[in-house]
Amino acid sequence: MYETIDEINERIRDGSVRVATAEEMPGIVDELGTAGALKEVDVVTTGTFGAMCSSGVFLNFGHAEIPIRMEKMYLNDVEAHAGLAAVDCYLGATAESETLHADYGGAHVIEDFIAGKTVELRATGKGTDCYPRRAITNEFTLDELNQAVMVNPRNSYQCYDAATNMGNRMVRTYMGCLLPGHRNVTYSGAGCLSPLTNDPHFDVIGSGTPIFLGGANGIVIGEGTQSSPGTGFSTLMTCGNLKDMSPDFIRAATMTGYGVTMYVGVGVPIPLLNEEIVRHTAVRDEDLVTEIVDYGTPVRNRPVIRKVTYAELKSGSVEINGEEVRTAPLSSYKKAREVAGELKKRIEGGGFLMAKATHPIDNTKCNKPMAEKGETVHVSDVMVKSFVTVTGDQTVKEAAKLLLKGDTNHLPVIDKENRLSGIVTTYDISKAFANDVQEATVSEIMVQKVYTTTPDVPIDVAASMLQQNNIGALVVIDANRHVLGLLHSYDLGERVVRREQR
Amino acid sequence: MKLLVDFGNGNTQDPAIASAILETGIAASIERAMMEEDGGWVLLSVEDGEEERFSAALAKRGVASRIQTNSVVYNADECVDCGLCTSLCMKHVFSFDKDWNLVVDADRCVLCGRCAEFCPQRALTVQK
Ligand code: SF4
Ligand code: SF4
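Read top to bottom, the protein sequences are chains Z and H. Under this note's numbering, read the first sequence as residues 1 to 502, first letter to last. Under this note's numbering, read the second sequence as residues 1001 to 1128, first letter to last.
Everything labelled a hint here was simulated from the structure, so no lab data went into it. Yeah, the Cβ is synthetic: ideal placement off N, Cα and C, and Gly gets one too. Careful, some of the hints might be misleading.
[Said to hold, decoys possible] These stretches of chain H come out as covered by chain Z in the derived footprint (C-beta under 8 angstroms, 3 or more residues):
(1) 1020-1031
(2) 1048-1055
(3) 1060-1069
(4) 1099-1106
[Unchecked claim] Below are the DSSO-like pairs computed for lysine-lysine, each with C-alpha atoms no more than 30 angstroms apart in a straight line:
(5) Z:334 with H:1060
(6) H:1091 with Z:314
(7) H:1060 with H:1128
(8) Z:117 with H:1060
(9) Z:307 with H:1098
Chain H extracted, bound-state conformation:
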């Protein structure tokens, strides 16, 4: 499961993620991050079922986070199953079933936006 950690205005001085990992013992891996001096966000991957506990540990340190699901929204009416997205997404969000229907595993998405930019039918939207 993905957890989007929001560092708001960057006031946090604590190593919040590291501390939360130590406290909870949950192995969290960083999928993507955007950090500037005045804040930013980090997208974490945590074990399924552990996201609430991890989120609580972050909250204790004044850092907001929320579960990130359905990051990429797929409009089946627009899609023509051309498959371009299957080759562009490095997180393997897209694949074909045996009948060549596009299958979307939206929870693997790390919000890079590439698929939406290049889908010839503009059938994909990425939302954070």
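Here chain Z stands alone, though its shape is the one from the complex:
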């Protein structure tokens, strides 16, 4: 048994359509079976409301009396991408203000436009025969723009990693603040209510699928960037008219320490055409598995801590290493419900019709990571391999002599097995001399907490470690804590600059 889009649209028009939200579907299918559910329900509405950094708007300002070809554009001090003929721009949500930085960005400009506020445009151009003007400053409200169209290169992730931090330093990420020692977990997505978890094989969603976007009726353009349906991480590229959006469903936000982002509400209706489609909309949070990964490690393939279901995540806490850890959704489940509910209302009201996708989305595609041409520099490429060490039982005076000889400010202290046990710096030695304790042993004055790294660590990671801890050098060690070298911030600065100039 199957239905057609035309039959469903007929029912939407005559007001007899039956719509359920994705949250209601598991219960309906339990009660009626897939065949019964197909008979009873015509459309399932989905919804999600979360931080969607990959958002922005195309804006058109119209031509001025003396026209200008705008080549650099700022909206309330946030740079927009010009380079699109003369009077258009694309304003990205995460672009930050030149003056207010992370407190105000593209997302806030978009929010101000939607709220009916006036936005200042500043633009410059080089001046040509056809566009003689070189600079313009003007004010606009959303009504005064010819077009304002939101385009999201990717949103509605089918599934997303949950985040924790196994390190000993707080990290501030796009997944929010992650406390050291895995004291919290954040996750994203609405689970069983999310659009793409209800149509994982793109049986109905494709180019041209009508959707709810930020309060407006929008459409799916096609597969989103980074989309990877083959691995369960698909995304959508979407667009909608900014003029129809509402602050209830689209909000600017700042993730402290990361930057500006935009919360966007997206809802996709799924017309139930056959039992296979029904089955997919009956998905439960218990069936949706993702991974908790360690955001304390800033590499692409972050270590996986454990597998977890959305049901566990939504319960408010999960177990990691035998400890209860609190979970936070980041996306708003309440708003996701409102999106699905609002979409349901629009369909029932007859104002929102289904459409067959004009172009299907390849459901086998897998996303490729960036292949870096030109090799990554590692700690082993930059570290100094000739260095002097000292043992804990040597005197401060001896250490001072070694420091002078070694032309360094850092002396790793090693034990009998040649393993790193501490560090003394010129500062520690001077302090010892100032306090008249130069006959003391090194172990009495050394600092035991040594910042270390390993040879295979990318240089940028080591650089940020130096910076974050405000220190001059890292001791490079192997797995047995044998000292292999020293990584000085000054060597590194030079190396990094030189690389950039190449």
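Fit chain H with the ligands to the known structure of chain Z by using the hints.
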């Protein structure tokens, strides 16, 4: 109930809190404290209904205190119920009700300020 004890310019020499505990027999626990040589403050948790009596015992020793309530102010219009604060506050001030609305139990707050710093919507303010 929370009591914010203000040690002003640090002139107090008495162990005021300890003496007040002994005198009143009220078990007070220290939630947070900031003490320097020239003064500071201590946030105490005392049994509900006993705060006035404890406060009076402190006042007798020249130490000012006041009841600290509604420490964290929540702007429901700004909040999008993202829940980040629920995982950041170690005092469990924030939680969700069954409909995923944020619930704020402001009297548990110990004024660390973390939730306000990280709320993506800047919907929280901590006031002492
Ligand atoms: S972090 Fe802010 S926006 Fe998120 S739930 Fe808490 S108060 Fe609301
Ligand atoms: S200030 Fe600290 S203790 Fe108070 S609510 Fe915020 S996170 Fe919790």
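Consistency of the hints with the structure:
Restraint check on the region 1020-1031 of chain H versus chain Z: 0 residues with Cβ-Cβ distances below 8 angstroms, three needed, restraint violated. By the rule of at least three residues with a Cβ nearer than 8 angstroms to a Cβ of chain Z, the coverage given for the region 1048-1055 of chain H is violated, with 0 such residues. Interface restraint, the region 1060-1069 of chain H with chain Z: violated (0 residues with C-beta to C-beta distance below 8 angstroms; minimum three). For the region 1099-1106 of chain H, the stated coverage by chain Z is satisfied: 3 residues place a CB nearer than 8 angstroms to a CB of that chain, which reaches the threshold of 3.
Proximity of residue 334 (chain Z) to residue 1060 (chain H) is assessed by CA-CA distance (about 51 angstroms); at most 30 angstroms being required, the pair is judged violated. Of the supplied pair hints, the one linking residue 1091 (chain H) and residue 314 (chain Z) holds, its CA atoms being roughly 20 angstroms apart against a limit of 30 angstroms. For the suggested pair residue 1060 (chain H) and residue 1128 (chain H), the alpha carbons sit about 23 angstroms apart, so the restraint of at most 30 angstroms is met. For the hint pairing residue 117 (chain Z) with residue 1060 (chain H), the CA-to-CA distance comes to about 56 angstroms; that exceeds 30 angstroms, so the pair is violated.
A C-alpha spacing of about 25 angstroms is found between residue 307 (chain Z) and residue 1098 (chain H), which places the hinted pair at or below 30 angstroms, so the restraint holds.
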